[in-house]
Each structure stands twice: as C-alpha cells, then as structure tokens.
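Join the two chains into one complex using the hints; note that each chain is given alone, in its own frame.
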Amino acid sequence: MNPLLKLESVCKAFGGLKVTNNVNISVMPGEISAIIGPNGAGKTTLFNQITGNLLPDTGKVLFKGKDLVGQTPQKIVFSGIGRAFQISSLFPDESVLDNIKVACLSRMNKTKKFWRPMLKFKQATEQAYAILESLGLESQAQRFAFELAHGDQKLLDIGIALALKPELLLLDEPTAGMSPEERKVTQNLIKKLWKEFDLTLIFIEHDMDMVFDIAQIVRVLQQGTLLAEGSPEEIQNNKEVITAYLGEEL
Amino acid sequence: MKTESRFRETSLWATIMIIFGLVPVFMTSTYQMNLASHILIWILFATAFNMLWGLTGMLSFGQALYYGLGAYFVGLMVKYLGSAWFFPGMAIGLVASAIIALLIGLLLIRVGGVYFTMLTLAFAQLMYQIMFKWYNFTGGDDGVVGIMQPGIFSNPIVYYYFILGIVIASIWILKRIAYSPFGMVLRCVNQNPDRVRFLGRRVRRNQLRIYIVSSVFVALAGGLMVGVDNSIHTDMFVWTTSGEVILMTVLGGINQFFGPFVGAIALILIEDIVGAYTEYWSLIIGTIVLIMVLLFPKGLVGEFLQLKHRFLKLKKHGG
Ligand SMILES: Nc1ncnc2c1ncn2[C@@H]1O[C@H](COP(=O)(O)OP(=O)(O)O)[C@@H](O)[C@H]1O
Ligand SMILES: [Mg+2]
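If you read the protein sequences in the order shown, they are chains Z and B.
Quick note, the first sequence lines up with residues 266 to 515 if you use our numbering.
Quick note, the second sequence lines up with residues 196 to 514 if you use our numbering.
In isolation and in its complexed conformation, chain B is listed as follows (with noise of 0.2 Å):
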C-alpha cells in the first residue's frame, strides 16, 4: 500500500516532466515552448495563490502584486545594472516580495473573508498606480522591452528547461508543506478557526506564515516570467492577473492540490485554441467557466477524481 501509494507519486512527477520535458524536442515552431513556459508559469502562480484560497480560506484578489513586484525587480535591475543581475534580482524580488507580504499581511490578518479579499486588490491596485505613474523609474504603461538573460540563458531552450526545473521544484516543496502538520493546521484553519484556538494554535500566525509563502512562490513566477517574454508590464499588477488565477483554480478545483495545476493548462489552451478563431476569446472563457461553476462546482480534478472513486465503487460491488 505505501510502496504502491509512493509508486503513483513518483509516476505522477515523471510524467510531468516527461510530457513538458519533451515540448522543445518535439515541437514545430518556439511559438510552442513559449506557450508551454507560459503554462508553467501560471501553474506555479496558481498553486501558489491557492495555498492561500483552496487551503486556507484566505482568497486574494491581489496575488498579482507578488507576480508584478518579482518581475519588476528582475526587469528593472537588468535594466539599469545590466543582464549580470538577472538571477540576483529575481533572488532580491523574493526577499524583497517575502518583507512586503510580511508587512501587508500584519495589516490583512486583521480583517476577515470579504474584507480581506477588498484589502488585497486595493494593496494590488496601489502598486499598479505606483508603477504606472512612475514613468521615469518604471517605464509607466510601456513597461520595460529587451530584457535578456545572461550567458547561455538567453538561449531560449535553455531557459525552458531552467523554468521547468524550478517549477517542478516549487510545485513539489508546495505539495510537501500541504501536506505536513503545518499544511493540516491551515487546512483547519479554513474549517474551523474557532477550534484552532482551543487546539492552541494562532489562527492569524499561521494566516501570516502562508501568506508569505504564496507571496514568494508567485513573486518566484512573475520572475521567472521576464526571461519569457523579456519584457516587462504595468499589466503584470492589474487586477484581471488576480483574476486569472482565481479563474485556473475554479476550472481546475479548488479543493484538490493538483486543481490549479490543471486548472492553468486548460484555461490558457483554451485562451490558445480559441484565440485563434475568434476575438471573442474571453466571452468563450467566460461561459466555461459559468458551465463550471454551475455544473461541476468540483473543478476538473475534483469531479474527475469523484468519478473514479464512484466507478471503483460499481466495480467492486459488481466483481
């Protein structure tokens, strides 16, 4: 049983690499890897926004502030300092972004549910302003263009390869945390914070603690992101970036680990596939995710997995 349950695990992850590992060998254009490094990315982004959401109760509307913030402090810093400061501005935005959660969360820990979720988009909204209206500094609406790697990571083969590596790697330390005490404790704290405290543990401790950690995690994918699409963008802060990520986990489920993982690849194939035929792509997104919602409140992961376990049920009822 546990050999056979480590088996799946390491499976699962092979597979993954597998399938994403194969993207540069067989594809017939980059246009294909760059869609497939947009999709990590947004993997990364999404399962990190819902260890605040689908883990914790906690839903963000301004996790964007984290994907802009780790952007802007790669692209600015190669800017200005030049491409050697590539990788040590993407570790600074994290120091930095990890700082930022940690003085906005004090304050976000203090308001519940609805207020929370206000708080962070103004917090997002904010920084969007600031980095919009700060044009001699930011670039403002033009954002910044011809940001490069250095050394052979502006090779872009390369560069996949080094986005498919650290996200696997946060996806896998991610998974771990939700499914250590410290992932329990928040998983009660969703349910129950009340109970919490007669377990003695702090609710808003641990509301802070995994608010920092999203942070950074998403801080980690807007960095990642500039060496894609080397550039950077005001855009990158705007709500919708919030919005997008709240999209992912509905589709994909947010109550499964994995949901927004799946969540992220269906919902920028389908922004893809029908992008291409019909400028009324988000109209086409928007009733998918109605249908969702309204049909299978799960999510993919979700009303998937209930389907096996009922069709294992049959099985062993019927053999």
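So here's chain Z without its partners, still in its complex pose (with noise of 0.2 Å):
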C-alpha cells in the first residue's frame, strides 16, 4: 500500500532556528496517529507545512503522490486535507450551524450564490445538522460560536474541517486546555470520528494518555527532528524519548 501522506526531507528555518529539520514521514491510509514533543519542538509548524500556510525551505509534501509544495492552503483543502488549530478558528459572530453550513457551502462550491437566501440551502443544513449530531453539539445549534463553552469552541473547530469530508484530518492539540473528564470524552469522540468518517488522523497532543490509548504510531519531535516513530509500546520503551521528552513521567 502507498502512503495517504509522505514527508520527504523537509525543512524550514526560521531565520537561524531549524524549526523543521529534514523530516521523513510516511503516513498509511486509515492510520490514526500522534505527533509529541514540547513546546516549540516544531508540531504546530509541520502542519502549517502540510496546509500550505508555509512553504518548507527544501523538501517535498507528497499528499496521494502528488507534491503539494507552494499549492495555496485553498487548493490544499480541496484535496482532502483538513484542519483543526491549536487555538479554535471559528466564524464567532455566526451560529454553531452556519459556522459548519458555510464549511457544507464551500465543499458543495455553493458559496458564489448570491441569490438565493441561506435558509433555503436545505440539503447543507442537513448536512451541517448530522455533524453537529456526530460532535454531540446540535442542541447548541443555534447560538452563536462566541457563547461556547472552551471545550465545545475546539470540537466546533473539528466540525468545520470535517464539513470539508477529508481524508486526512490533521488535529493541533485537540484537548488544550479542557478539564480531565473532558478530555477523556474528546479522546472516545476523535476515535469514533476517525472510525465514522473513514479518516486518516494526525493529531498533536500532550496528554500522554489519550495518545497512548488511541494512537496506533506516534512520532516525536524534538527540536524540529523526528526522534522517534513507533507503535506506543516502543515509543514507551524507548531510552532516547525517555531521557529527552518523557522524562519522570513514566
């Protein structure tokens, strides 16, 4: 089988600090997996490679065998990749629904109708409505993003790369900043989108129980090089990982 996404030496520095230092990533489809390392290590920037917010110094994006480098972030999104951020990107003023309609819009190229009122795009709000359904979120369908509680904001995050139905969904600390019992909920709810969306998961994340639960490989980054990569039983085991990032905590 051919890799869904294949990093190939990748680079990026910023000024003189290697943030990404020729990186290698091959990424089956179907893979579910985690991307660790402390702050700065690069996580957040990797990502932004693969989306296209930044173009790597050297190397390729290889997305289906296709190199993606210098694509903008709206092709990139087009061609399956999706994205949710580190910190929550949403419409605030906008509904819950429309923030996720808007996303159905755009995936069904519907967004240069000028015409017609929103409320008669029946088919997206549907759509929209079985997200909110699969998020847990459609009783808060009709208030606005902004009234959210933190938790909720971060999974309408998440709803709104789905609308886009990616294959590769790339997640940037999903559970920051959410109390333990929420984010023992989020951990059950990314494992059962990932089963009923069919996706390929990325995620970045720094609750070391959630990635050794749901992940089936982590990756560690370590000052913008990949230290390690393996099923969570190496990476667990793994001396280099231990004394660098995981430290007393095992």
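Quick caveat, the hints were computed from the structure, so don't treat them as lab data.
Since no wrong hints were added, every one of them can be taken at face value.
Derived lysine-lysine pairs resembling BS3-like cross-links, with alpha carbons at most 27 Å apart:
#1 Z/Lys375 to B/Lys370
#2 Z/Lys387 to B/Lys370
#3 Z/Lys340 to Z/Lys430
Spelled out as structure tokens, the structure:
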C-alpha cells in the first residue's frame, strides 16, 4: 500500500532556528497517529507546511503521490486535507450551525450564490446538523459560536474541518485547555469520528494517556527533528524519548 | 414561523414604500419631496457602503469616488450630448464604475486594515483633484448646473417615484446578497479571514467582488442625485462626502443591515432641523455622533433590537 501522506526531507528555518530539520514521515491510509514533543518542537509548524500556510525551505510534501509544496491552502483543502487549530478558529458572530453550514456550502461549491437566501439551502443544513450530531453539539446549533464553552469551541473547530469531508484530518492539540473529564470525552469522540468518517488522522497532543490509548503510531519531534517513531509500546520504552521528553512521567 | 417572517418582511417593505410614496401626496411644499429624495439616495449610498464595512470589514473612506463618478457621467453626458443621454449616461456610469472598481480594487485588496482605508481616501482625493483641475471639461469648482432629465422625468414628482423605485429595488437586491451564501462568506471574511482560506475560499477574491458591487450601487446613488439637484459639483468626490456615510452608518448601527438606512434618515433630518435654527449644526451633529459612539455603540437599530430582545425575554419570564 502507498502512503497517503509522505514528507520527504522537509526542512524549514526561521532565521537561524531550524524548526523542521530533515523530517521524513510516511502516513498510511486509515492510520490514526500522534505527534508529540515539547513546546516549540515544531509540531504546529509541520502542520503549517502540510496545509500550505508555510512553504518548506526544501523537501516534498506528497499527498496521494502529488507534491503539494507551493499550493495555496484553498487548493490543499479541496485535495482532501482538513485541519483544526491549536487555538480554535471559528466565526464567532455566526451561529454554531452556520459555522458548519458555510463549510458545507463551500464544499458543494455554492458560496458564490448571491441570490438565494442561506435558509433555502436545505441540503447543506441537513449535512451540518448531521455533523453537529456526531459531535454532540446539536442542542447548541442556534447559539453564537462565541457563546460556547471552550471545549465545545474546540469541537466546533473540528466540525468545520469535517464538513469539508477530508481524507486526512490534522488536529492540533484537540484537548488543550480542557478539564480531565472533558479530555476523556474528547478522546473517545475523536476515536469515534476517526471510524465514522473513515479518516486518516494525525493529532498533536500533550495528554499522554490519550496518545498511548488511541494512536496506532506515535512520532516524537524534538527541536525540529524526528526523534523516534513507532507503536505506543515502542515509544514508551524508547530510552532516548524517555530522557528527552517523557522523563519521570513514566 | 416561516410564514410569519415572510409576513413581517413584506410589511416592512410595504411600510417603507407607503411612507415614502405618500410624501408627494401630503407635502406642503416641494422642499419636503426634495428632502425625501435626498434621504432615499443617501440611504442607498450608505447601505451600499456598509456592504463593505459592516458586512465584510473593509472600511472605505473613499466611496465618494464612485458617488462622484456616477453623477459626473450623467452630468457631463447631458452637458455635451443633450438630455437624451441622461439615462444612458447613468448606465455607462455604472459600467465604468464597475471597471474602475475592478482596477483600483485589485490594488486595494493587497493591503488591509488602515492602509486599505487610507488608499481608498487617496484614490478618491486623486479623482477629486482631476475633476477640480480639468476645468475646460468638467467645469472645475463651478461644476455643471441646469442638467435636465428627458421627457416626463423632468417632472419632479415622476422623478421622485423613479428614485423611490430604484432605491427600494437596490436595497432589496443588496439585502438578498447580504443573506445569501456569498453574504455569509463575506461575514466570515470579516470575522476570521484565515479560516475562510481553510474553507477553500479566497479572501481577496471575495473582497474584490463586494468592492465592485458596493461601488456600482454607490455610483447609482450618484447618478440619481443629478436629477434631484440638477447639477454636479466636485464636492461629490470630496472626503467629507465619504465621511458622511460613515457617520450615518455609525448612527444607525454598523452590524445591522438596516442600520445605514435608519442612520441616513436620522442624520439628514437632524441636519435639516438643526440647520434651520443654527449655523453650528455640524457641531451639534458631532456631539450627537460622539454620544452615540460612546453610549450606544450598536447604533439606533442595534440598540433598539437589543431593547426589544430584553423586553421579550422579560415578558416570557414574567408571564
Ligand atoms: N512564523 C514564525 N516565525 C518565526 N518563528 C516561528 C514562526 N512560527 C513558529 N516559530 C518558532 O518555531 C518554533 C516551533 O514552533 P511551533 O511549531 O509552534 O511549536 P510547537 O507547535 O511544537 O509547540 C518556536 O520556537 C516558534 O517560536
Ligand atoms: Mg503548537
């Protein structure tokens, strides 16, 4: 089987700081994997290079065999890569429903329609509700996005990404700022979404319970370098990883 | 629920039509009809302007450019080619404004925030200078006077109803745009442009589209004005004209579709009433706007809706 996403010798420096240092990664279709590493390791920057926010200095980002380097985020979205952000990126003054619905309309290529009222796009509404149900947010549909609790905002952010029907979904610290109980719920939810939507999923996470519970493969980044890669057991027993990152935690 | 909102929508438009439609019937002097014409045209100007600012988050300080262009195409064509060119001049003015908005817009969308605002001002002032200096062709500071509409449209009452029809139709079109998926994308561009890119949509492309749409409707307002004042003047291009629609919008409410509508009525009536008593009317208007911004930042429409919302909530809890 060919990898869905393949990073080949990706490098990126900000000034003198090598934030991505010759990273090689192959992600197989259907895989759920985690990227871990200390703050500032370059995890978000790696996502940014996959989704087109940032241009790698050198290297290739192959998605289904095609190099994405140089393409705009808009193009990359439609080739099948979705993304939720470390800090929720929503449309705060729109309803929860419309946050998702506008993404559905974009996928259906209907955002140029300037005459028919939003309300008349029933199919998009149904799809949006279906996604809200999957997220357990349907009771909040009519509230403004800014009114939601922090945890629900993180979910809504994922919902917007899901509405675009991605094959590969990138989640940047989905449980950041959540209480331990919320984290447990979100962990189960992410696993459910992964199956329900047939996703290939990569998440960045600091909650090691979640990482070792649901990831099939764990990759460790440190100072821009891929320090280790393997199954949760392999990573948990990896001497280098323990000294560099996991430390006394285990 | 759905039929109820449709009923409310229809009665809103009917009320507007009736109130403005009755002005020529009940007026005691043509001055009142002239005032109502000004109000209607500024309503269109301000509403089109707010498609940029309130809806999309692009504060233009230079929409007077298109207001002037729309007017000058009508005025100059009538001056050089005769009355028959009044309406064709209006149409040509709209097309020309669309093309100029496209060209200037391509440059404007490259910069954001305050730079966008300053550039719009610069382009409008540039056009003002051209019209001002090109005396032989434009009449410079004297403008052009005595511009007449052809045929029955030279009758002020006929022309008033013509304005009423065009303005109401334009507002209706703009409202449909605001509440369409395209309008939704514009609101999203306003609130979170970065995320819009991750919906697969181009931010600048959408900004350019609405810039053109807004400018064309502003040009229409300018073209209509020529038949009211029967003259054109370089003041139409000047920055205070752009500033006036900003004041109207702030007064009525930036985030409400009908904010500029109400703001235009309020500002023109205040100017008219206060102006009759004192020459310091601009001081009074400045004070009113200052109070509005400080105490009622949501504007007349926004604050009214909030009050209504609170009242309904109270009633629900009380009963
Ligand atoms: N646009 C940028 N310009 C300069 N430095 C940046 C930029 N983005 C990130 N960095 C730096 O790159 C490093 C990695 O950042 P980031 O990828 O956000 O880390 P992580 O997500 O692993 O915490 C940090 O030192 C950060 O300050
Ligand atoms: Mg990060």
